[in-house]
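Residue numbers (my numbering), protein chains in the order written: chain Y, 326 to 424; chain R, 199 to 291.
Worth flagging that the hints you see were computed from the coordinates, not collected in a lab. Positions of the beta carbon are idealized from the N, C-alpha and C atoms, including for glycine. Misleading hints may appear alongside valid ones.
If you want the ones that stay clear, here's a sample from chain R, every Cβ over 12 Å from chain Y, calculated [stated by the list, open to error]:
1. LYS218
2. VAL243
3. MET252
Here are the simulated lysine to aspartate or glutamate pairs, EDC-like style, with alpha carbons at most 20 Å apart [stated by the list, open to error]:
4. LYS348/Y - ASP393/Y
5. LYS218/R - ASP393/Y
6. LYS218/R - GLU278/R
7. LYS218/R - ASP282/R
8. LYS206/R - ASP276/R
9. LYS415/Y - GLU287/R
10. LYS415/Y - ASP358/Y
11. LYS348/Y - GLU278/R
12. LYS376/Y - GLU403/Y
13. LYS206/R - GLU246/R
14. LYS248/R - ASP393/Y
15. LYS206/R - GLU216/R
16. LYS248/R - GLU370/Y
17. LYS415/Y - GLU367/Y
18. LYS348/Y - GLU367/Y
19. LYS348/Y - GLU370/Y
20. LYS206/R - ASP231/R
21. LYS415/Y - GLU278/R
22. LYS415/Y - ASP346/Y
23. LYS248/R - ASP282/R
24. LYS376/Y - GLU246/R
25. LYS248/R - ASP346/Y
26. LYS348/Y - GLU216/R
27. LYS348/Y - ASP231/R
28. LYS218/R - ASP346/Y
29. LYS248/R - ASP410/Y
30. LYS348/Y - ASP410/Y
31. LYS248/R - GLU216/R
32. LYS211/R - GLU287/R
33. LYS206/R - GLU287/R
34. LYS211/R - ASP231/R
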Amino acid sequence: MSLETGFASLVGTQISVITSDGKHYVGLLRGYDQTTNLLLQECQERVYSTKSGVQVIQNPGIYCIRGDNVAVVGEVDEEADAQLDLAATKAPPLAPIHH
Amino acid sequence: MLFFSLFKTLVGKEVTVELKNDLCISGALHSVDQYLNIKLTNTRVHNEQKYPHMMSVRNCFIRGSVVRYVHLPPGAVDVEVLHDATRREARGG
Numbered sequence: 326m327s328l329e330t331g332f333a334s335l336v337g338t339q340i341s342v343i344t345s346d347g348k349h350y351v352g353l354l355r356g357y358d359q360t361t362n363l364l365l366q367e368c369q370e371r372v373y374s375t376k377s378g379v380q381v382i383q384n385p386g387i388y389c390i391r392g393d394n395v396a397v398v399g400e401v402d403e404e405a406d407a408q409l410d411l412a413a414t415k416a417p418p419l420a421p422i423h424h
Numbered sequence: 199m200l201f202f203s204l205f206k207t208l209v210g211k212e213v214t215v216e217l218k219n220d221l222c223i224s225g226a227l228h229s230v231d232q233y234l235n236i237k238l239t240n241t242r243v244h245n246e247q248k249y250p251h252m253m254s255v256r257n258c259f260i261r262g263s264v265v266r267y268v269h270l271p272p273g274a275v276d277v278e279v280l281h282d283a284t285r286r287e288a289r290g291g
């Protein structure tokens, strides 16, 4: 990551986004701005549940996530991500952010 | 501005950021900006069983607006100096 807090070094790489309503998206970062608006390509939503494994929903096209709704942006280690056994991962859904 | 300056002095230190959705992320403070957005390196999420979302993430950006607390290492802040500085700022410089 660069010294500043922009995402220049992450453009074109896989990122993991947790939104303030508790959703989790993984996709290719295509663009961003200073208010943390994000453009994600070929992004997948990972839906967590305690009853079954992670449900992966593929979204073709581009997702634009408004900065207000972004909580965490993570740099995905693709090797580590490929090793994850999502089908066997059970977890409660993330709580939404209450301001 | 004061807390922005404070956080800038903590770059490189190990901190734990607690989010408003109760997620706790520990890591080395990499950088901070005027919104108190935070970048952490070598991150670890507390209670990974319950929060497996970031298992493949080592570096992350946390939006300042979703931060509830930042837990700082003991001894990293000179509380007396901070007291004085906050009083001075409250008086208007």
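Now for the hints, and whether the structure bears them out:
1. LYS218: violated, 4 Å
2. VAL243: violated, 10 Å
3. MET252: At about 5 Å from chain Y, MET252/R fails to clear the 12 Å cut-off, so the statement is violated.
4. LYS348/Y - ASP393/Y: holds, 14 Å
5. LYS218/R - ASP393/Y: holds, 14 Å
6. LYS218/R - GLU278/R: Given that 20 Å is the threshold and the Cα spacing comes to 29 Å, the pair is violated.
7. LYS218/R - ASP282/R: violated, 29 Å
8. LYS206/R - ASP276/R: holds, 14 Å
9. LYS415/Y - GLU287/R: violated, 48 Å
10. LYS415/Y - ASP358/Y: Outside the cut-off at roughly 34 Å; violated.
11. LYS348/Y - GLU278/R: violated, 42 Å
12. LYS376/Y - GLU403/Y: violated, 26 Å
13. LYS206/R - GLU246/R: Outside the cut-off at roughly 29 Å; violated.
14. LYS248/R - ASP393/Y: Outside the cut-off at roughly 25 Å; violated.
15. LYS206/R - GLU216/R: holds, 19 Å
16. LYS248/R - GLU370/Y: holds, 18 Å
17. LYS415/Y - GLU367/Y: violated, 24 Å
18. LYS348/Y - GLU367/Y: With Cα atoms ~16 Å apart, LYS348/Y and GLU367/Y stay inside 20 Å; holds.
19. LYS348/Y - GLU370/Y: holds, 7 Å
20. LYS206/R - ASP231/R: holds, 8 Å
21. LYS415/Y - GLU278/R: violated, 46 Å
22. LYS415/Y - ASP346/Y: The hint holds at about 19 Å.
23. LYS248/R - ASP282/R: Roughly 41 Å between the alpha carbons, so the hint for LYS248/R and ASP282/R is violated.
24. LYS376/Y - GLU246/R: holds, 17 Å
25. LYS248/R - ASP346/Y: holds, 17 Å
26. LYS348/Y - GLU216/R: OK: LYS348/Y and GLU216/R at ~18 Å, within 20 Å.
27. LYS348/Y - ASP231/R: Not OK: LYS348/Y and ASP231/R at ~25 Å, beyond 20 Å, violated.
28. LYS218/R - ASP346/Y: holds, 11 Å
29. LYS248/R - ASP410/Y: holds, 15 Å
30. LYS348/Y - ASP410/Y: This hinted pair holds, its Cα atoms lying about 19 Å apart.
31. LYS248/R - GLU216/R: holds, 15 Å
32. LYS211/R - GLU287/R: violated, 25 Å
33. LYS206/R - GLU287/R: holds, 18 Å
34. LYS211/R - ASP231/R: Roughly 16 Å between the alpha carbons, so the hint for LYS211/R and ASP231/R holds.
Consistency with the previously given hints fails for numbers 1, 2, 3, 6, 7, 9, 10, 11, 12, 13, 14, 17, 21, 23, 27, 32, ordered from lowest to highest.
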